Amino acid sequence: MSELLGATVTPENRSGASGAVGAGHVAQSAPDGATMLIDSGGQSVNPFLMRGLAFDYVRDLAPVTLLATLPLILIVRAEFGPATLPELLAKLREDQAQARYGSVGIGARVHLAMAQLLRQAGIRGEHIPYRGGADQIAGLLRGDTPIGFTSPALATPLIRDGRVKAVAVSSAARFPALPGVPTVAEQGFRASRSATGSACSSPPRRRSPSSRASRLRRRMR
Amino acid sequence: MNQPALRPRLDALGLLPAAEGPEAFARFLAAERAQFQALIRDEGIRLDS
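Residue numbers (numbering that gives the first Met the number 0), protein chains in the order written: chain A, 0 to 220; chain B, 0 to 48.
Rather than coming from a laboratory, the hints here were simulated on the basis of the structure. Fair warning: this is a prediction, and the values are worked out from it, not measured in the lab. We put the beta carbon where it would ideally sit given N, CA and C, even for glycine. Where hints are given, some of them may not hold.
Reference listing, derived: stretches of chain B covered by chain A, where coverage requires no fewer than 3 residues with Cβ under 8 Å from a Cβ of chain A [as the list claims (entries may be wrong)]:
id, stretch
1, 3-12
2, 25-32
3, 35-41
Using C-beta positions, here's what the derived DEER-type ranges look like [as the list claims (entries may be wrong)]:
id, chain 1, residue 1, chain 2, residue 2, range
4, B, Gln36, A, Ala137, 18 to 24 Å
5, A, Leu140, B, Asp10, 22 to 28 Å
6, B, Asp10, A, Phe54, 30 to 36 Å
7, B, Arg45, A, Thr34, 28 to 34 Å
8, B, Glu22, A, Asp94, 43 to 49 Å
9, B, Ala37, A, Arg58, 18 to 24 Å
10, A, Asp143, B, Arg45, 18 to 24 Å
11, A, Gly161, B, Arg8, 24 to 30 Å
Start from the sequences and build out the full structure, keeping to the hints where you can.
Structural data, given as structure tokens:
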């Protein structure tokens with residue numbers, strides 16, 4: 000971004016509250032285009048999960064550009080059995096007590112993606128939130144939570160080693176690194192296009208668009 | 000986002016470049032918010048659950 004803007008860009012990590020701490024800082028900054036937010040999905044979820052935020056995601060942050068999307072991979076512990084999404088859903092319908100899935104936290108995209116899929120399939124699942132992706136995968140490999148969505152970076156080595164089976168990807172098109180895995184939509188279900196999106200937003204300028212934000216929009220393509 | 004030098008780093012993380020302008024991003028956010036608001040409400044998802 001420094002090269003694109005011809006100016007020094009300083010990353011400032013303000014973590015906490017699923018991104019709401021950093022978003023709040025940017026929302027309350029001067030709307031001069033000098034402070035922008037890189038967010039990975041909190042803008043779509045936090046307004047509905049968090050009460051008492053000191054800012055409004057819609058009113059106080061203006062979209063600049065989407066940067067990238069992260070497809071999520073639905074994986075199944077190999078010993079669990081099903082190798083396709085229809086097989087998996089048939090098994091879970093037969094015994095809904097087995098519909099235990101892990102995630103990296105309540106409201107995380109991997110949680111919502113699974114809740115959305117099971118809801119559409121008419122299956123009541125049990126969600127187990129873990130402290131992070133490594134713990135979620137450990138729970139899956141132990142069989143505590145034999146199914147779950149996860150990131151390509153975590154899923155790919157497990158798929159390669161045969162420890163899990165990939166039955167669907169959440170993106171609109173098949174994921175290039177896993178061309179044999181059909182999308183959720185191909186198999187008749189609705190999925191969030193991004194699951195996790197990395198996006199850039201800035202405080203809205205009241206009178207005219209910030210020139211920095213406009214320049215960034217043009218050059219990030 | 001489509002610079003060749005950036006691709007290996009994006010590929011390693013599984014990220015797909017999607018540099019879109021503010022109007023497309025605003026539509027994307029609106030659609031996602033509608034979808035997740037309904038899901039969170041209907042499933043009764045709460046941070047303290």
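Checked hints:
1. A count of 4 residues in the stretch 3-12 of chain B with a Cβ less than 8 Å from any Cβ of chain A is obtained; the coverage claim is therefore met, three being the minimum.
2. Closer than 8 Å: that is the beta-carbon criterion, and the stretch 25-32 of chain B has 5 residues meeting it against chain A, so the requirement of 3 holds.
3. Counting residues of the stretch 35-41 of chain B whose CB falls under 8 Å from any CB of chain A gives 6; the rule of at least 3 is met.
4. Taking 18 to 24 Å as the suggested C-beta distance range, the pair B:Gln36 and A:Ala137 does not conform, at roughly 32 Å.
5. Between A:Leu140 and B:Asp10, the C-beta spacing of about 25 Å keeps the proposed range 22 to 28 Å intact.
6. Separated by about 35 Å at the C-beta atoms, B:Asp10 and A:Phe54 satisfy the suggested range of 30 to 36 Å.
7. Restraint check, B:Arg45 to A:Thr34: a C-beta distance of roughly 31 Å satisfies the suggested window 28 to 34 Å.
8. Against the hinted window of 43 to 49 Å, the Cβ-Cβ separation of B:Glu22 and A:Asp94 comes to about 47 Å, which satisfies the hint.
9. Checked against the hint of 18 to 24 Å, the C-beta distance between B:Ala37 and A:Arg58 comes to roughly 21 Å, which is consistent with it.
10. The beta-carbon spacing between A:Asp143 and B:Arg45, approximately 23 Å, falls within the hinted interval of 18 to 24 Å.
11. Evaluation of the 24 to 30 Å hint for A:Gly161 and B:Arg8 yields a pass: the beta carbon distance comes to about 28 Å.
The structure shown violates just one earlier hint, number 4.
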